[in-house]
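Each protein sequence line maps, in turn, to chains A and B.
Heads up: the first sequence is residues 1 to 443, going by our numbering.
Heads up: the second sequence is residues 444 to 646, going by our numbering.
Read the hints as simulated data drawn from the structure, not as lab findings.
Even for Gly, the Cβ is constructed at its ideal location relative to N, Cα and C.
It is possible that some hints are incorrect.
[Said to hold, decoys possible] Output of the computed footprint for chain B on chain A, the stretches with three or more beta carbons under 8 Å from beta carbons of chain B:
{"no.": "1", "stretch": "89-103"}
{"no.": "2", "stretch": "177-190"}
[Stated by the list, open to error] Here are the simulated lysine-lysine pairs, PhoX-like style, with alpha carbons at most 20 Å apart:
{"no.": "3", "chain 1": "A", "residue 1": "Lys190", "chain 2": "A", "residue 2": "Lys180"}
{"no.": "4", "chain 1": "B", "residue 1": "Lys505", "chain 2": "A", "residue 2": "Lys190"}
{"no.": "5", "chain 1": "B", "residue 1": "Lys562", "chain 2": "A", "residue 2": "Lys36"}
{"no.": "6", "chain 1": "A", "residue 1": "Lys36", "chain 2": "A", "residue 2": "Lys8"}
[As the list claims (entries may be wrong)] From chain B, some residues computed to sit far from chain A (all C-beta separations above 10 Å):
{"no.": "7", "residue": "Asp454"}
{"no.": "8", "residue": "Glu467"}
{"no.": "9", "residue": "Ser470"}
{"no.": "10", "residue": "Leu479"}
{"no.": "11", "residue": "Glu525"}
{"no.": "12", "residue": "Glu545"}
{"no.": "13", "residue": "Glu549"}
{"no.": "14", "residue": "Lys550"}
{"no.": "15", "residue": "Thr553"}
{"no.": "16", "residue": "Arg554"}
{"no.": "17", "residue": "Asp598"}
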Amino acid sequence: MVVDGVTKASFDELVEIETNDGERRLGKVLEVGSGKAVVQVFEGTTGLAITGTRVKFLGKTMAMPVSQELLGRVFDGLGRPNDGLPDPVADKFLDVNGEPMNPQSREYPTSFIQTGVSVIDGMLTLVRGQKLPIFSGSGMSHNILAAQIARQATVVGTNEDFAVVFAAIGVQYSEAQYFKRSLEESGALKRSVLFVNLADDPAIERIITPRVALTVAEYLAFDLGMHVLAILTDMTNYAEALREISAAREEVPGRKGYPGYLYTDLANNYERAGRIKGKNGSVTQMPILSMPADDITHPIPDLTGYITEGQVVLGRDLFRKGIYPPVNVMMSLSRLMKDGVGEGKTRSDHMEVGNQLYDAYSRAQEVRALAEIVGKAGLTGVDLKYLDAGDSFETHFLKQSPDENRNLDETLSRAWDILATLPEGELTKIKDKHIQQYYKGSK
Amino acid sequence: MSLNSLERTIDKVLSQKESALISEIDSALQNSLKNLESSKSSLQVEYDNIIESSKKQAENLKRQIIGSSTLNARNKELVIIESAIDEIFTKAKEKLAKSNNEKNYEKLLTRLIQDSSTKLGSEIIIQCNKTDLNLVKKLVSQESSNSKSKITVSDEVVDIIGGIKAASVDGTMSLDNTLDSNIESLKPLIRKEIVQLLRGENK
Numbered sequence: 001m002v003v004d005g006v007t008k009a010s011f012d013e014l015v016e017i018e019t020n021d022g023e024r025r026l027g028k029v030l031e032v033g034s035g036k037a038v039v040q041v042f043e044g045t046t047g048l049a050i051t052g053t054r055v056k057f058l059g060k061t062m063a064m065p066v067s068q069e070l071l072g073r074v075f076d077g078l079g080r081p082n083d084g085l086p087d088p089v090a091d092k093f094l095d096v097n098g099e100p101m102n103p104q105s106r107e108y109p110t111s112f113i114q115t116g117v118s119v120i121d122g123m124l125t126l127v128r129g130q131k132l133p134i135f136s137g138s139g140m141s142h143n144i145l146a147a148q149i150a151r152q153a154t155v156v157g158t159n160e161d162f163a164v165v166f167a168a169i170g171v172q173y174s175e176a177q178y179f180k181r182s183l184e185e186s187g188a189l190k191r192s193v194l195f196v197n198l199a200d201d202p203a204i205e206r207i208i209t210p211r212v213a214l215t216v217a218e219y220l221a222f223d224l225g226m227h228v229l230a231i232l233t234d235m236t237n238y239a240e241a242l243r244e245i246s247a248a249r250e251e252v253p254g255r256k257g258y259p260g261y262l263y264t265d266l267a268n269n270y271e272r273a274g275r276i277k278g279k280n281g282s283v284t285q286m287p288i289l290s291m292p293a294d295d296i297t298h299p300i301p302d303l304t305g306y307i308t309e310g311q312v313v314l315g316r317d318l319f320r321k322g323i324y325p326p327v328n329v330m331m332s333l334s335r336l337m338k339d340g341v342g343e344g345k346t347r348s349d350h351m352e353v354g355n356q357l358y359d360a361y362s363r364a365q366e367v368r369a370l371a372e373i374v375g376k377a378g379l380t381g382v383d384l385k386y387l388d389a390g391d392s393f394e395t396h397f398l399k400q401s402p403d404e405n406r407n408l409d410e411t412l413s414r415a416w417d418i419l420a421t422l423p424e425g426e427l428t429k430i431k432d433k434h435i436q437q438y439y440k441g442s443k
Numbered sequence: 444m445s446l447n448s449l450e451r452t453i454d455k456v457l458s459q460k461e462s463a464l465i466s467e468i469d470s471a472l473q474n475s476l477k478n479l480e481s482s483k484s485s486l487q488v489e490y491d492n493i494i495e496s497s498k499k500q501a502e503n504l505k506r507q508i509i510g511s512s513t514l515n516a517r518n519k520e521l522v523i524i525e526s527a528i529d530e531i532f533t534k535a536k537e538k539l540a541k542s543n544n545e546k547n548y549e550k551l552l553t554r555l556i557q558d559s560s561t562k563l564g565s566e567i568i569i570q571c572n573k574t575d576l577n578l579v580k581k582l583v584s585q586e587s588s589n590s591k592s593k594i595t596v597s598d599e600v601v602d603i604i605g606g607i608k609a610a611s612v613d614g615t616m617s618l619d620n621t622l623d624s625n626i627e628s629l630k631p632l633i634r635k636e637i638v639q640l641l642r643g644e645n646k
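Using the sequences and the hints given, assemble the complete structure.
If you want it as structure tokens, here you go:
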């Protein structure tokens with residue numbers, strides 16, 4: 001929408017639009033100049049008449065009312081109540097664009113978050129303050145995994161408060177209902193804040209949703225001292241909304257039509273995770289994105305991978321085999337795992353067991369490929385054991401029910417069960433003292 | 444073959460069969476006892492698993508029930524507080540509507556008229572409610588004589604508590620300087636204070 005005769009509007013300024021019949025909508029200024037302002041209307045421009053429509057420039061950017069009372073509430077993509085309850089009583093109003101975290105004030109993340117999902121806790125450990133995305137594909141079970149993590153995630157062994165901020169971006173109505181029901185039925189809603197932007201909501205609203213969610217996450221973390229896990233799903237929908245708006249503004253397109261500033265824009269969101277020196281809380285981010293055509297070189301996963309500290313990749317082959325969660329561990333990595341596990345944090349054998357599982361599963365994949373050519377009969381005894389270990393890894397460790405919450409001890413115990421199928425001599429990544437303490441195989 | 448030797452043969456076969464059957468029954472008994480013994484430990488494991496998973500389920504259920512009850516109670520409190528806030532605002536608006544005789548109100552109206560004139564330019568049209576019409580006309584005539592601005596008071600009244608609505612002569616710009624809109628824009632801040640009072644946090 002272009003408004004004429006505007007002299008003092010600013011970029012990103014919030015605009016209130018009043019229609020002929022008194023309906024009020026919100027928008028924000030995208031461009032100003034030559035006495036005109038280009039305004040993007042959050043609720044869409046359907047029904048707006050050229051005559052009689054009034055526009056009010058509010059002289060402020062979009063702000064989110066924040067308070068502890070947000071916990072247990074459900075909001076729409078713009079942060080308006082969506083649960084039939086009144087507006088939250090604000091402790092303060094925070095600009096949704098946030099303030100960049102001073103790099104000097106950042107504290108290195110070193111504490112473990114338990115998700116209750118074996119493959120993540122055991123091999124791709126999430127650390128408080130980390131940003132660890134999940135790369136998925138169309139139709140795969142990323143939403144089920146997201147909901148499971150939201151329900152189960154916790155900090156173990158401390159009395160510190162934990163909260164989940166869940167932003168559903170451009171999701172279908174049924175998915176939104178699933179997320180809501182899942183949190184309600186598990187009793188996790190009381191420590192969660194849910195933002196729901198539906199697929200049929202205007203594109204501009206999708207741009208705001210992660211910002212609103214992260215503003216709340218920052219408030220809970222750095223004002224109230226809570227450990228917050230922010231789950232943003234699906235960031236592909238966010239990037240597509242960004243492309244739509246960029247095209248409408250006639251900007252020069254970059255790769256696959258996405259704007260040249262896609263990297264900067266994604267970084268603005270992802271870099272809002274972390275810990276600050278002298279403050280108790282933390283914001284941990286788990287953005288979820290579906291890779292178009294499972295293409296990991298697509299601009300969205302590609303640029304995301306540059307910014308985040310590792311990635312959890314879901315594999316189509318495992319999904320087709322009916323394994324949930326279908327995490328392709330060979331393509332996945334948590335870069336901060338080494339700093340968040342071990343003696344005093346999780347368990348002294350944790351890192352070594354994780355490494356050994358990687359090693360064993362990698363070897364199992366090679367043996368599988370070999371067996372397809374020469375047949376099982378052509379394999380050595382040790383190769384056959386790796387083949388068994390690979391199968392056991394998928395069925396006993398990786399595979400898990402969506403409502404199964406495994407603690408770390410159970411996860412590591414299952415890992416040792418798999419390693420027990422290998423001869424002791426093959427466990428080259430694990431110290432002898434840990435082998436003596438935990439190895440269950442024949443010596 | 445004599446009858447005796449036939450009987451002996453039959454007895455021998457019977458006795459052989461009997462001992463074979465007894466030994467089979469014995470070995471079956473031993474097998475069953477062995478199976479029973481081995482099942483005991485697996486049953487114990489199964490039993491422990493069932494108990495463990497039931498405990499987990501009970502714990503989850505307890506957490507769910509407590510979580511949803513706490514949330515429901517909190518949500519009910521929010522609704523009650525909101526209805527109290529609405530009531531307080533209604534009462535406050537009623538009180539404000541009756542306050543047009545106070546000296547401060549005249550000062551406030553003068554300030555709102557000056558503010559509208561500054562923001563919308565020298566030629567503006569003003570609307571107010573029926574009660575304030577004469578007072579606004581008086582204040583506008585005072586203001587017009589003091590400044591160069593040309594302010595017209597419309598006889599078309601609007602349904603507001605107090606204050607004024609101003610518009611530029613060409614109608615392209617308007618300014619809502621009513622008490623209603625001012626209350627509305629300050630509502631989030633006032634709400635916070637009301638809630639603190641209701642919860643006894645502002646002692």
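Hints and how they fare:
Counting residues of the stretch 89-103 of chain A whose CB falls under 8 Å from any CB of chain B gives 4; the rule of at least 3 is met. Counting residues of the stretch 177-190 of chain A whose beta-carbon sits less than 8 Å from any beta-carbon of chain B gives 7, enough to reach three: the coverage restraint holds. Proximity of A/Lys190 to A/Lys180 is assessed by CA-CA distance (about 12 Å); at most 20 Å being required, the pair is judged to hold. Annotation: proposed proximity of B/Lys505 to A/Lys190 holds, straight-line Cα distance about 14 Å (limit 20 Å).
With a CA separation close to 19 Å, the supplied pair B/Lys562 and A/Lys36 stays within the 20 Å bound. Taking the CA atoms of A/Lys36 and A/Lys8, the gap is about 10 Å. The hint holds against a cut of 20 Å. With a cut of 10 Å on Cβ distances, B/Asp454 stays outside the contact zone with chain A, its closest approach being about 55 Å. Interface exclusion of B/Glu467 from chain A stands, the closest Cβ pair being 36 Å apart, more than 10 Å.
Taking the minimum C-beta to C-beta distance to chain A, about 31 Å, the non-interface status of B/Ser470 holds against the 10 Å cut. For B/Leu479, the requirement that its beta carbon stay farther than 10 Å from each beta carbon of chain A is met, with the minimum near 27 Å. Non-interface status of B/Glu525 relative to chain A is broken: a Cβ of that chain comes within 10 Å, the nearest being about 4 Å off. Its beta-carbon lying about 30 Å from the closest one in chain A, B/Glu545 satisfies the requirement of being farther than 10 Å from that chain.
No Cβ of chain A comes within 10 Å of the Cβ of B/Glu549; the nearest lies about 28 Å off, and the non-interface call holds. The non-interface label for B/Lys550 is consistent with chain A: the shortest C-beta to C-beta separation is roughly 25 Å, beyond 10 Å. With 10 Å as the threshold on Cβ separation, the claim that B/Thr553 sits away from chain A holds: the shortest Cβ distance comes to roughly 24 Å. Every Cβ of chain A is farther than 10 Å from the Cβ of B/Arg554; the closest lies at roughly 19 Å, confirming the non-interface assignment.
B/Asp598, annotated as away from the interface, keeps every beta carbon of chain A farther than 10 Å; the closest lies near 22 Å.
Checked against the numbered hints above, the structure violates only hint 11.
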